[in-house]
Amino acid sequence: MNSKKVPKTAHQRHQKELKRDQHHAIIHWVVTGFVLLVLLYIIGYTFTAGFKNLSLQFFISSDFDRGIAPQLFNTFYILILSMIPMLLIGISAAVYIVEYAKQGTMLKILRFATETLSSVPSIIIGLLGFLLFVTNFGEGPRWEFCRLAGALTLAILNLPWMMRTAEDALRAVPNSLREASYALGATKLQTIFRAVLPASIPGLMTGALIVSGRVIGETAALIYTSGVAGSSNGWFNFNLIHVPGDTLAVHIYTLFADNPTPAAQQGQTATAVVLIALVLGVNLLGRFFERRLTKRFSGE
Amino acid sequence: MITNQSKGRPTRRGATAEFIGHLWFALSALVVVVLLILVYYFVGSQSFQTFTQSHISPADFFLSSNWDAQNHLGISYFIIGSLSLVVLSLVFAVPISLAVAVFISEIAPKWLKYPLLRAIELFLGIPSVIFGLFGLIVIVPLIRNFLNLIAGGIFYNGYGLVPAAVVVTFMILPTVATIAHDAMQAVPRELREGSYALGSTRRQTISKVVIPAAGPGIMTGVILGIARALGETVAVAFVIGNSQHLPFGLSNYFPYLYIGPTSALTTQLLFNFKEATVGSPLYNALWTISFVLLVISAILVAVSRAFAAKRVYS
Amino acid sequence: MATDTPKFTVKDLDLWYGEVQALKKITFDIQQNTITALIGPSGCGKSTFLRQLNRMNDLIESVKVQGSVLYDGQDILNDCDVIELRQKVGMVFQKPNPFPMSIYDNVAYGPRLHGLAAGKKRHHALDEIVERSLVHAALFDEVKDRLHKSALGLSGGQQQRLCIARVLAVEPDVLLMDEPTSALDPISTAKIESLLDDLKKQYTIVIVTHNMQQAGRVSDATGFFLTGEMVEFGKTDDIFFNPKDSRTESYISGRFG
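Protein chains in written order, with my numbering: chain Y, 1 to 300; chain C, 1 to 314; chain F, 1 to 257.
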């Protein structure tokens with residue numbers, strides 16, 4: 001008998017289908033496990049490779065190959081410089097979107113603008129920063145490669161993200177709170193400043209911390225704004241517009257681009273350990289606030 | 001003043017404060033619009049100088065493969081490099097991300113779902129320079145050894161399209177997976193029950209009901225992945241090899257397919273910008289490359305919005 | 001098989017959600033080609049019981065069961081393949097749940113899964129199944145011109161009849177209906193009720209309803225559930241006009257629930 005001609009019985013079809021269902025589940029277990037292992041391996045490998053190159057000396061030396069003191073300083077300096085305008089504008093814009101804007105053209109334009117701006121590759125925002133801050137629109141110098149230029153560029157790059165997270169935080173505030181405030185005779189502005197914003201602080205903290213993680217980790221937008229070098233006359237200074245300053249992330253890139261030696265690789269992995277620890281720490285702290293937020297509004 | 005009180009504005013001074021507050025919030029919201037216009041205006045106006053000031057014909061610029069900072073500027077190989085990078089990254093990343101999303105949303109036991117999701121989300125925050133470094137010290141040697149082993153000689157240095165795509169895959173996987181997961185979670189439980197009640201297995205329910213119903217949502221994730229793959233610069237720069245060659249070609253030795261150092265549009269910007277003097281043809285050309293990237297990402301946003309509008313469940 | 005053999009024989013069925021017992025010692029028979037209505041206040045366990053007849057409760061992780069349910073004499077709690085069971089024991093839900101695809105594809109979903117349209121003229125056979133099922137569910141005339149349009153464009157009542165057609169297309173033996181008209185307007189409800197009478201000739205139907213008039217209108221037998229127990233089961237006329245248990249009487253006369 002030719003086996004091809006005989007149609008499968010319902011029972012055979014069914015058995016085959018059950019087998020396929022089992023295989024399907026197994027494949028998904030395996031793939032997910034594999035992905036998780038690889039992602040953990042990326043972090044684990046970098047940590048084990050870099051950890052042995054860490055020392056106290058590494059944190060306090062300003063020698064290009066042997067220490068990251070200037071880069072640590074610059075990272076935090078640029079972080080603070082960029083977060084100030086970003087928080088101010090980002091939260092205010094989110095207040096407008098959540099508390100003022102009505103469904104309509106304006107809201108559509110804002111959504112479109114945030115989405116489009118956040119899709120622009122960071123290297124291009126970096127080149128724009130060069131054009132606006134380092135040079136005078138390309139016509140001669142304005143400032144030099146400097147930390148303020150880097151910070152403002154990062155503020156442009158991450159403003160859409162800041163707005164989105166702040167919007168989430170404000171939307172998480174229950175409407176009953178606003179109504180209660182209005183019912184007590186508060187004006188809109190009073191309601192925003194005394195009821196809505198205080199209630200959304202944990203959410204805003206989460207947003208700010210997640211965005212901080214992005215700021216700390218950004219490289220491409222800084223290479224042509226805050227520059228790839230450190231200051232020549234001592235790294236511990238707060239000069240905004242005349243002194244370049246490389247961050248930890250940029251430092252890892254520079255060690256690769258300018259000086260691919262074994263010594264550089266040791267410095268790279270050690271810097272990577274510090275960078276990962278910082279970014280993960282900031283993100284985990286953000287999650288912590290997120291959890292507090294859920295507790296606050298669910299009353300648990 | 002009774003009329004003012006009825007509007008919740010008890011005094012004149014309060015009304016002024018309300019107005020200033022409103023104005024401040026509205027102006028802050030407009031900043032993002034102004035910034036977007038700035039980006040397009042400056043990048044756009046600079047980019048056209050390639051054709052107006054440096055007198056390079058657009059056809060030559062986009063179709064020529066000869067890139068020589070002093071004499072001739074053609075970007076076709078970099079366009080091919082970027083497109084190949086996007087395609088290969090998607091080939092790797094989409095099936096894997098979908099499998100992870102399906103697993104977390106549909107298959108994993110309850111206790112495993114939340115920790116898994118959080119673990120995947122944690123990788124969203126890892127900086128691209130870390131992925132680049134990992135590619136440089138782990139993936140490139142791995143590919144170098146593998147290719148040289150099967151080719152039977154030392155022909156490859158391991159840099160190029162493949163390690164770049166691997167690195168980009170790791171970077172976009174968490175994004176695509178979490179968005180696809182959210183889209184599947186938005187599919188109502190009743191649909192799954194309806195499918196099970198007709199006697200489907202879990203595989204059939206997932207592939208015939210859950211994934212199609214979550215389709216538009218999954219696609220927005222994929223588009224976001226494309227945008228990131230296209231715009232990623234530093235991580236790719238570590239491993240792509242930075243050479244003016246096609247990403248692949250024929251070769252005389254096994255596997256008869258040359259896979260070696262190449263370039264993408266973004267890495268070209270990164271490596272060349274420091275050598276470009278303001279106003280030179282090279283400088284203008286780099287702005288034109290930026291504009292090309294800008295236009296493609298704008299198109300991707302439009303496509304993603306079209307898919308988002310098609311979502312049935314959200 | 002003799003016609004008076006019960007379709008389902010339920011004996012001492014207990015069910016827990018985690019630590020909470022939702023069904024207690026349920027024992028009764030469901031006869032072939034009849035409509036059995038299950039009534040009772042919200043949370044009494046009638047829907048949970050219904051979902052046990054095609055093992056939909058398997059989808060809830062915390063559910064534990066004890067006792068026996070025989071379907072055509074076969075134990076469906078232990079020695080049973082749920083996929084095969086659900087083909088034979090179809091279910092219509094409270095909220096219409098059409099898949100986000102065309103009307104045709106919704107009805108063809110089951111037959112395609114189970115390979116019911118086989119052979120050379122597969123497409124033709126599938127068309128026939130779809131048409132027959134839609135006719136049977138009294139929906140065909142309303143949708144014949146837009147079979148390939150999205151099912152989500154139908155009205156609620158049409159969607160529910162589509163879901164019935166979707167179940168009929170896999171050629172089941174039993175129809176379980178979980179408050180199938182509670183989300184519908186009176187006209188759609190009437191359409192589905194008259195459809196039930198028609199379907200009874202071919203199928204055994206178990207319907208959960210909180211609408212007592214509906215139970216009285218459509219069913220042959222009625223079971224009254226209260227806090228996880230089957231208080232009383234019998235012919236519908238007996239339950240409604242001559243209840244034995246005082247709790248049944250107070251529920252029927254509208255004193256609680």
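There's no promise every hint is true.
Pairs of lysine to aspartate or glutamate, EDC-like flavour, derived with a Cα cap of 20 Å [stated by the list, open to error]:
1. F/K201 / F/D245
2. C/K110 / F/E84
3. C/K113 / Y/E17
4. C/K208 / F/E193
5. Y/K102 / C/E18
6. Y/K16 / F/D141
7. Y/K16 / F/E84
8. C/K208 / F/E84
9. C/K208 / Y/E17
10. F/K235 / F/E193
11. C/K113 / F/D173
12. F/K244 / F/D29
13. F/K88 / Y/E17
Pairwise CB distance ranges (calculated) [as the list claims (entries may be wrong)]:
14. Y/L37 / C/Q244: 29 to 39 Å
15. C/A308 / F/D12: 31 to 41 Å
16. Y/V38 / C/S207: 54 to 64 Å
17. F/T27 / Y/V38: 38 to 48 Å
18. Y/T261 / C/A308: 46 to 56 Å
19. F/I60 / C/A186: 14 to 24 Å
20. C/S207 / F/E249: 43 to 53 Å
21. C/S207 / F/E229: 35 to 45 Å
On the chain Y side, residues computed to face chain C include the following (Cβ under 8 Å) [stated by the list, open to error]:
22. D21
23. I89
24. L184
25. Y224
26. V279
27. R291
No lab work stands behind these hints, which were simulated from the structure alone. Just so you know, even glycine gets a beta-carbon here, dropped at the ideal spot from N, CA and C.
Here's how the hints hold up against the structure:
This hinted pair does not check out: F/K201 and F/D245 have alpha carbons roughly 31 Å apart, beyond 20 Å. Straight-line distance between C-alpha atoms of C/K110 and F/E84 comes to about 26 Å, which puts the hinted pair past the 20 Å bound. Proximity of C/K113 to Y/E17 is assessed by CA-CA distance (about 26 Å); at most 20 Å being required, the pair is judged violated. Restraint check for C/K208 and F/E193: the C-alpha separation of about 31 Å exceeds 20 Å, so the hint is violated.
For the proposed pair Y/K102 and C/E18, the alpha carbon gap of about 17 Å is at most 20 Å, so the pair holds. At most 20 Å may separate the alpha-carbon atoms for a hinted pair to count; Y/K16 and F/D141 exceed this at roughly 38 Å. Among the hinted pairs, Y/K16 with F/E84 is consistent with the structure: their alpha-carbon atoms are about 13 Å apart, no more than 20 Å. Distance hint between C/K208 and F/E84 is fulfilled; the C-alpha atoms sit about 18 Å from each other, no more than 20 Å.
This hinted pair checks out: C/K208 and Y/E17 have alpha carbons roughly 14 Å apart, not beyond 20 Å. A hinted pair counts as satisfied when its Cα atoms are at most 20 Å apart, and F/K235 with F/E193 qualifies at roughly 19 Å. The straight-line distance between the Cα atoms of C/K113 and F/D173 is roughly 37 Å, outside the 20 Å bound, and the hint therefore fails. Simply put, F/K244 and F/D29 have alpha-carbon atoms about 18 Å apart, close enough for the 20 Å limit, and the pair holds.
Between F/K88 and Y/E17 the CA atoms are separated by roughly 17 Å; this keeps the pair inside 20 Å, and the hint holds. Our hint of 29 to 39 Å for Y/L37 and C/Q244 holds, since their Cβ atoms are close to 37 Å apart. Under the hint 31 to 41 Å, the C-beta atoms of C/A308 and F/D12, about 53 Å apart, miss the expected range. For Y/V38 paired with C/S207, a C-beta distance near 25 Å fails the hint of 54 to 64 Å.
Our hint of 38 to 48 Å for F/T27 and Y/V38 is violated, since their Cβ atoms are close to 55 Å apart. Y/T261 and C/A308 have their C-beta atoms about 48 Å apart, which keeps the hinted 46 to 56 Å range intact. A hinted range of 14 to 24 Å holds for the C-beta pair F/I60 and C/A186, which are about 20 Å apart. In this structure the hint that C/S207 and F/E249 lie 43 to 53 Å apart at CB holds, the actual value being about 51 Å.
At about 41 Å, the beta-carbon gap between C/S207 and F/E229 stays in the expected band of 35 to 45 Å. Interface hint status for Y/D21: upheld, as the beta-carbon distance to the closest one in chain C is roughly 4 Å, under 8 Å. Proximity of Y/I89 to chain C holds as hinted, the smallest CB-CB distance being about 5 Å (cut-off 8 Å). With its C-beta approaching chain C no nearer than about 11 Å, Y/L184 sits outside the 8 Å limit, and its interface hint is violated.
Interface restraint check for Y/Y224: the shortest CB-CB distance to chain C comes to about 6 Å, inside 8 Å, so the restraint holds. The beta carbon of Y/V279 comes within 6 Å of a beta carbon in chain C, closer than 8 Å, and the hint placing it at the interface holds. Taken as an interface hint, Y/R291 does not check out: its beta carbon lies about 11 Å from the nearest beta carbon of chain C, beyond 8 Å.
Hint compliance for this structure: hints 1, 2, 3, 4, 6, 11, 15, 16, 17, 24, 27 are broken, all remaining hints hold.
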